[in-house]
Amino acid sequence: MPYTEENVQKHLAVNKKREMDKTMKLARSSNLKEKMVVRGKKRKNDDHLFMDNIHVPMRKYAKIKIPPRLKKHLVDCEVFTRMGKLVRLPRSPNVNDIFDRYLRYRKKEDESLADSLQEVMKGLQSYFDKALPVMLLYRIERRQYEEAIADDITPSDVYGAEHLLRLFVKLPELLYYAEIEEETFAELMKKVNDFLKWLRTNQRAFFRWDYYAAKEIQRRANKRDD
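206 is the number that full-length UniProt numbering gives to position 206 of the sequence shown; each next residue is one higher, with no gaps.
In short, the hints are calculated from the structure, not lab data. Every residue, glycine too, gets a C-beta built ideally from N, C-alpha and C. Treat the hints loosely; a few may be bogus.
Just the calculated beta-carbon pair ranges, DEER-fashion [what the hints assert, rightly or not]:
# : residue 1 : residue 2 : range
1 : K107      : R208      : 25 to 31 Å
2 : V134      : K107      : 29 to 35 Å
3 : D210      : K190      : 31 to 37 Å
Here are the simulated lysine to aspartate or glutamate pairs, EDC-like style, with alpha carbons at most 16 Å apart [as the list claims (entries may be wrong)]:
# : residue 1 : residue 2
4 : K130      : D157
5 : K191      : D100
6 : K63       : D194
Make the full structure from the sequences, and use the hints.
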């Protein structure tokens, strides 16, 4: 499976171009607002994750099953964000910690899976690091991202389960551009869904109600500018 830095960059670049082209087409047809609907409610484009529907063959489309309890965390995080509250960063455990714990758990059950699972987790980490600033943040979270991420710090070092879940919403779209054989693709989906089941079982260890007002970031930025 080609989980290389070059392929991740390529997939995100193609995806971003498709989104821009589609947005321009919708705008010209004056149907932009109607198309940007999430859960039956109209949203402003800048205020929600860009989750447009792309028509792809179901055979290739990634069938990722996000458990209902984890979907609730996605909804709760969106509600808090719309209230002007952000997840406190850095998160502990962070995304890297979560993947490491899952690998240790699976290795205890079947050591033969170690290499293939490590490759999948490394690939997911790469997708997360590259996709976060492109498509996994709400507008209100961008200043926080700029403060938290430096040249030697990656998103997977700083962000936690709340933002990692957003990757699995967008992952089917990202994987559509990956050159993966059908058998390998099916095995990948099996591993991804197993990880999500494990995350659901251990959700209390990874999800916390630790939010603070976004205006605190603005105040800190203003102090630095003074």
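query = Any of the earlier hints contradicted here, and which numbers?
reply = Result: no hint breaks.
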